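Given these sequences and hints, build the entire structure.
Number of protein chains: 2
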Amino acid sequence: MRIGELSARSGVPAATIKYYVREGLLPPGSRTKANQAEYDEAHLRRLRLVRALLEVGGLSVATSRRVIAILDDPATSPLKGMGKAHRALSGDRLEPAAGPPDGDAASLARVDELLAARGWQVGAAHPARAQLAAAIATAESLGMGDALGLLDGYADAAEAVAEADLDLATAPATLDESIERMLVWTVVGDRVLTALRRLAQEAVAVRRS
Amino acid sequence: MRIGELSARSGVPAATIKYYVREGLLPPGSRTKANQAEYDEAHLRRLRLVRALLEVGGLSVATSRRVIAILDDPATSPLKGMGKAHRALSGDRLEPAAGPPDGDAASLARVDELLAARGWQVGAAHPARAQLAAAIATAESLGMGDALGLLDGYADAAEAVAEADLDLATAPATLDESIERMLVWTVVGDRVLTALRRLAQEAVAVRRS
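Protein chains in written order, with the working numbering: chain A, 5 to 213; chain B, 5 to 213.
FYI, nobody ran anything at the bench for these hints, they're computed from the structure. Just so you know, not all the hints are guaranteed correct.
All copies of an identical chain are treated as equivalent in the list; a pair is satisfied when it fits inside any one copy or across any two copies.
SDA-like, lysine to any residue: derived pairs with alpha carbons at most 25 Å apart [to be verified]:
1) LYS84 / GLY127
2) LYS88 / ASP194
3) LYS37 / LEU48
4) LYS88 / GLY147
All values reported here derive from a predicted model rather than from experimental measurement.
Structure (structure tokens):
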């Protein structure tokens, strides 16, 4: 199909499609004549994925490019694909940067304790450890150390959700499809969970008021 | 204290502190002499909050400014403060933009069904409704309609977490403090939950492999 049809079917303006191609988010169409490119169903699917990452997931172009690169260089198992996805995603808003000056070692120790208590085996370099430690240090620096009493309940919720996530990702027959589903759902599932948390907060507050 | 001490105590470079003042994230210090400003404990606290929103929460400067403005014009009840916070936060990465062309009405109906089934009373204009609808439409457009089977389990997790969130926010004595805690924890709690989800995904995948 020509770029006009790709635009109409995806709802994405042609100029935006060209921008995605320049940014390496979408493979170029095949040249048929000078100044004319032909796109196929794979482009349409990839375009939907790009929109999911950018618009629904709120990822940066750079992070989306890293996530999409995983699809073009597939992992050898769903577990390895998931590890790659977690690392690719950690570029966005997860780095502790200049967090509270002394909190980090103590907060990381707190994360290790939680993992040990739950029997969760997680590699030492997993980026979510630092993300969680930064969040803990932040809560403490703002005088909300009591929020850490919520960690166990949060971990229960996360574990229930993760079991369902893994069922979903490993359902399909092929490894490539399984990895694509894992990528998409890791990002989209975050949005689902935070949206539901907001809705539930509102509902609980209304019920209690 | 002078800016050097504020920088040392917060771990934030002086140039960054000046940038936050220019961007309206931090009130200016009081002028003592030409070219010299004096900061106090309230500045230090606000600076930690700004870092929490930007670095841990991953919010944009514009969204952080909207969130902080709520503190300077406090709501009359925790419920109203929470509503303001949810709206302020929805500027970041939550808008559906050009989502899948036909999914929106059907997806919003799906959200309404879920809310009704759970007895959650949520205002029609709450931004998380559109966020959830966009996520649902995206999953469907990518051939992952089966992910919607996970919504109920996700909603269970979100409700458990929201009950704990409300307990935490309404614990303090004063309304101002309650609203600040609600703001901070809404943002930081999202990061805690997504970090724990990643860690749990890894742990579950390792256990199953």
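Hints, verified against the model:
| no. | hint | result |
| --- | --- | --- |
| 1 | LYS84 / GLY127 | within (12 Å within a copy, 42 Å between copies) |
| 2 | LYS88 / ASP194 | both (17 Å within a copy, 22 Å between copies) |
| 3 | LYS37 / LEU48 | within (21 Å within a copy, 62 Å between copies) |
| 4 | LYS88 / GLY147 | between (35 Å within a copy, 22 Å between copies) |
This entry satisfies every hint, going by the numbered hints stated previously.
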